[in-house]
Amino acid sequence: MTTPIHKSLIDEQIEELPEDRMILAFTHEKWLGALSLAHDAGIPNVHAYSRRACLCGEWTVAYEVKA
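Using the numbering used here, read the sequence shown as starting at 1 and increasing by one per residue.
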């Protein structure tokens, strides 16, 4: 018996991403901490994220930027 292979969520998102773009993701235990990390990395408008999630108490915020 075999298990069918399913694509992960990240695999699907990467396939949808245009070739001239990349995803920058920042994680922190607090929402404002994740935004602060993005700001420190040079993201000009930290509230213009493309994705966000809170998994197991850890916030992840992602930005789609030109490569």
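These are computed hints drawn from the structure, not numbers from a lab.
Warning: the hint list may mix true and false statements.
Subject to a maximum C-alpha distance of 16 Å in a straight line, what follows is the list of computed EDC-like cross-link-like pairs (lysine to aspartate or glutamate) [as the list claims (entries may be wrong)]: (1) Lys30 to Glu64; (2) Lys66 to Glu19; (3) Lys66 to Glu29; (4) Lys66 to Asp20.
Label-pair distances were calculated between CB atoms; the ranges are [claimed, not checked]: (5) Glu12 to Ala67: 39 to 45 Å; (6) Ile5 to Pro44: 35 to 41 Å; (7) Glu12 to Leu32: 18 to 24 Å; (8) Gly57 to Thr2: 21 to 27 Å; (9) Ser8 to His39: 17 to 23 Å; (10) His6 to Leu32: 16 to 22 Å.
Don't be surprised by glycine CBs; every beta carbon is placed ideally from N, CA and C.
Okay, the hints, checked on the actual structure:
no.: 1; hint: Lys30 to Glu64; in the structure: violated (21 Å)
no.: 2; hint: Lys66 to Glu19; in the structure: holds (9 Å)
no.: 3; hint: Lys66 to Glu29; in the structure: violated (27 Å)
no.: 4; hint: Lys66 to Asp20; in the structure: holds (6 Å)
no.: 5; hint: Glu12 to Ala67: 39 to 45 Å; in the structure: violated (19 Å)
no.: 6; hint: Ile5 to Pro44: 35 to 41 Å; in the structure: holds (39 Å)
no.: 7; hint: Glu12 to Leu32: 18 to 24 Å; in the structure: violated (29 Å)
no.: 8; hint: Gly57 to Thr2: 21 to 27 Å; in the structure: violated (35 Å)
no.: 9; hint: Ser8 to His39: 17 to 23 Å; in the structure: violated (29 Å)
no.: 10; hint: His6 to Leu32: 16 to 22 Å; in the structure: violated (34 Å)
When the structure is compared with the earlier hints, violations turn up for hints 1, 3, 5, 7, 8, 9, 10 and for no others.
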